[in-house]
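Here is what each chain is made of, one letter per residue.
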Amino acid sequence: MAMHRGRGFASINYPIGMNLGGDPSQALVHSNPDGKFTVALSSIDLGQGMKSVTRQIAAETLGIPVADVYVDTADSDTGPHCMGSFASRGTHRVGNAVIQAAQEARAVMLEAASEELEVDASDLVTDGRGNIHVKGAPSRSITTMAACQAAQFKQGRTVSGRGIFLIPLSEVDPDTGEMTPVSCFAHATMLVEVEVDDETGEVTVLDMQSAYELGRALNPKLVEQQLIGGAWMGMSHVLWETSEPYYPDRSHGPVDFNTYLMPGPGDLAPHHISVLERPAPDGPFGGKGPGEMCANPVLPAVANAVYDAVGVRIDELPITPEKVLRGIRANGGARPKMRLTRTR
Amino acid sequence: MAKIPVTFTLNGSERAAFAEEGLNLLEFLRRAVGDLSPKYGCGQGTCGACTVIIDGETHLSCLTMADAVQGRKVETASGLANGKVHPLQEAFMEHFAAQCGYCTPGMLMSAKVLLDRNPSPTRAEVIEAISGNLCRCTGYAPIIDAILATANTRRLA
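These protein sequence lines are chains A and B, in that order.
According to this note's numbering, the first sequence holds residues 1273 to 1616 in order.
According to this note's numbering, the second sequence holds residues 5 to 161 in order.
Be a bit skeptical, because a hint or two may be false.
What the hints assert, rightly or not - Here are the simulated lysine-lysine pairs, DSBU-like style, with alpha carbons at most 30 angstroms apart:
{"id": "1", "chain 1": "A", "residue 1": "Lys1308", "chain 2": "A", "residue 2": "Lys1493"}
{"id": "2", "chain 1": "A", "residue 1": "Lys1323", "chain 2": "B", "residue 2": "Lys88"}
{"id": "3", "chain 1": "A", "residue 1": "Lys1308", "chain 2": "A", "residue 2": "Lys1323"}
{"id": "4", "chain 1": "A", "residue 1": "Lys1407", "chain 2": "A", "residue 2": "Lys1308"}
{"id": "5", "chain 1": "A", "residue 1": "Lys1407", "chain 2": "A", "residue 2": "Lys1426"}
{"id": "6", "chain 1": "B", "residue 1": "Lys88", "chain 2": "B", "residue 2": "Lys77"}
{"id": "7", "chain 1": "A", "residue 1": "Lys1308", "chain 2": "B", "residue 2": "Lys77"}
{"id": "8", "chain 1": "A", "residue 1": "Lys1323", "chain 2": "A", "residue 2": "Lys1493"}
{"id": "9", "chain 1": "B", "residue 1": "Lys88", "chain 2": "A", "residue 2": "Lys1493"}
The hints are simulated quantities; they were obtained by calculation from the structure and are not laboratory data.
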């Protein structure tokens, strides 16, 4: 009996967003009486960082500090419409909508400032710290708060903006079958090393090396966090998790967290991540979004590594010890592809 | 149904509230006392989201009867910050150890008991300490790093 090591490799192209009847998202931006801004979205933050990234995008576009922006995703009944937080579309679709809305609001804010400073709005710039001043003359300035308050209480303007980003429905050409369902792809490649026990059929992921190309990483720490957590989920899907282990037979299905298997903190593999930033031409500040793709490459890479280790090709997930042992038996023993086997 | 008066210490303050007979500590804290920091995950003691500290030990509040804390000291995540955020909370933020945040209060409780008992834990000891707390988002690595960093910072302080 022996432990067999194997390496597996997988690459993916991941489409950002979807194309079922068009893919729109809207954003509304407005200033409040204290000169701070609210971004209203229906794009829910389920932990992936939607609020942080749209806040950064709004602040950057408005030219104000991040602290002066509040992102409200509280209610999808009353907020502007969004298709939803799925398909890795949030950063790309919603980010673009926020840019458009923030640009419109910024233009009104600068008009309000120009009236107060008695200069042309096109001569005004923001310093990103809460001030608007005349280009080349920083002393001739007004705070963004004073400009927004003047707009509201003296000038009777709404410092606000509307934004929408739409990838329209792409119909299939009936003659050629051609269509353009996706405007933007992210990419990833992963190399994993596994150890397979040919006596128990257990597979252990020893190491993960990955490279992700996801446009500009608008918030590098959030990207890194998502890639680490997503790879864990990929590992869980490929080796552990299933609600129907003998599908379509429902027997032996887990009924609670004691029987629904997932890797715990003691089952982690070291994960070495490289993030390659190639800004997307149609992305907000070049961003695409890691989203779902952070889990995807792990699955084929581990399946390939198991094949490399013991010569068993498994095409149904998860790769359980039972499937590995049945495969080894059907092959008349482990058939390692590389000479990485060690005898116990 | 009979109501049982329960007097206990919550995060250093004397508290008293009525618990319906058979009520578990999780629902008691959330509904009768109003501390929403312990989370309801599975309700059967397998996920750790409801972890609280009773007299210095971690307990699953969904499996603990409310009247069992009579006269005892209960700590929850909402009591960690005392004027300023607790070093563990600081480290969790620094290491991006929360995504959706649902497991975080329980993780913080397990981590606090570990560090109170063992100021210099090894990575394996940290893993052991949080092995009863499930996390679905982070892949655990940032949480482990945050707890180890807290221990390191305390040693240097």
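When the hints from earlier in the document are held up against this structure, which numbers fail? Those not satisfied come down to hint 7.
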